[in-house]
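Keeping their order, the protein sequence lines are chains A and B. According to the numbering used here, the residues represented by the first sequence are 1 to 156, in order. According to the numbering used here, the residues represented by the second sequence are 1001 to 1135, in order.
Hints were generated in silico from the structure; no laboratory data involved. Treat the hints with care, since some could be wrong.
[As the list claims (entries may be wrong)] Pair by pair, the computed Cβ-Cβ distance ranges are:
hint	chain 1	residue 1	chain 2	residue 2	range
1	A	E82	B	Q1023	46 to 56 Å
2	B	Q1023	A	L151	20 to 30 Å
3	B	R1029	A	E45	19 to 29 Å
4	A	V90	B	L1070	35 to 45 Å
5	A	P96	B	S1078	32 to 42 Å
6	B	V1124	A	D91	48 to 58 Å
[What the hints assert, rightly or not] Among the chain B residues that face chain A by a calculated CB cut under 8 Å, a handful are:
hint	residue
7	A1041
8	V1074
9	L1118
No residue lacks a Cβ here, since even glycine has one placed at the ideal position from N, Cα and C.
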Amino acid sequence: MDRSPVAELSLGDILEDSDAREVKRRPSSARPRRESRMRQLLRPEPMFWGLFSAGGFVAALLLPITVGILGIAFAAGWLPMEALSYERIVDLVSHPLAKLYLLALVSLPLFHWAHRFRYTVHHQFGVHGLKRLIAVACYGTAIAGAALAALVLLRI
Amino acid sequence: MRTEAPRRYPVYVPKVPPTWWLQTAPFRRFAAREFTAVFAAAFSVILLLFLFALSQGKEAYEGFLRWLRLPAVVSLSSIILLAMLYHAGTWFRLTAHIQVIRVGKNDVPRGAVVAALLGIWIVVSAIVAYFYVWF
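Construct the complete structure from the given sequences, taking the supplied hints into account.
Next comes the structure, spelled out in structure tokens:
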């Protein structure tokens, strides 16, 4: 019987394939050593997931009030006159702890975006290939943003 | 390409249209939740511009503050604020689903976890507001 070429593997092909395979125990010498806890954490997937989760909390806890003050209350004139004056803000931001806070405030939501947007491209935009490229572009953008934030903060 | 014998049975491969996430309300809420991250990133960019202007001196900083008051920027901020509130609500809810907290032998009910997170949210917001406005 002739068979037309199949471009993609279907679920049925995979199931059929797994039926044909025999499960054999690997010789102990060839078995990969278990990774240490530290190495597991340093793999990209858990690391980026951790940054995504931290960014989710930063975005949920800190961004609404920050957007409310900088984006809306300031423009509406609800803030005291001096609240955002140059001298006061420079003074506030010069503190190392304030810089650390601002670095987290800028960069962690970017990592949160990178992780969610990566899957938005696949799920909502319907792009199902290019997985590696999309991941690198998303996380790379976040890393670049974090580096830029660190650079700018060091110059204040 | 496989060159083995043809399949012996029909295979059901569901076809999903690219707009599957518009089809039902829960799918739309999911897509909206995922899309809030775009607004979080947009605000990160605004903050980055804020800090950059601050590093460039008084004139650049005051120019940035004028830009912040443009109607278009204020309406963008309002959209970002709505998106962040939606994100906060969904994030606390899903945190309560993912992180089950046990006291003794019982799980803390999800509603209590969400309420605790909302309490933390109010306290943190008050502290941030204090630093921006009165500190």
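Interface hint for V1074/B, Cβ within 8 Å of any Cβ on chain A = holds (5 Å)
Does 19 to 29 Å hold as the CB distance between R1029/B and E45/A, or does it fail?
-> holds (26 Å)
Would you check whether L1118/B satisfies its interface hint, that is, whether its CB is within less than 8 Å of any CB in chain A?
-> Because about 10 Å separates L1118/B from the closest Cβ in chain A, which is outside the 8 Å limit, the hint is violated.
CB-CB spacing for D91/A and V1124/B relative to the 48 to 58 Å hint | violated (23 Å)
E82/A and Q1023/B, beta-carbon distance inside 46 to 56 Å?
-> holds (52 Å)
Would you say the C-beta atoms of P96/A and S1078/B sit inside 32 to 42 Å of each other?
-> Holds, since P96/A and S1078/B (Cβ atoms, about 33 Å apart) stay within the stated range.
Taking the CB of V90/A and the CB of L1070/B, does the distance hold inside 35 to 45 Å?
-> violated (23 Å)
Note whether the CB distance of Q1023/B and L151/A lies within 20 to 30 Å or breaks it.
-> violated (45 Å)
Identify whether the interface hint at A1041/B stands, where standing means a beta carbon of chain A within less than 8 Å of its own.
-> holds (4 Å)
In terms of the numbered hints stated before, the structure departs from hints 2, 4, 6, 9, listed from lowest to highest.
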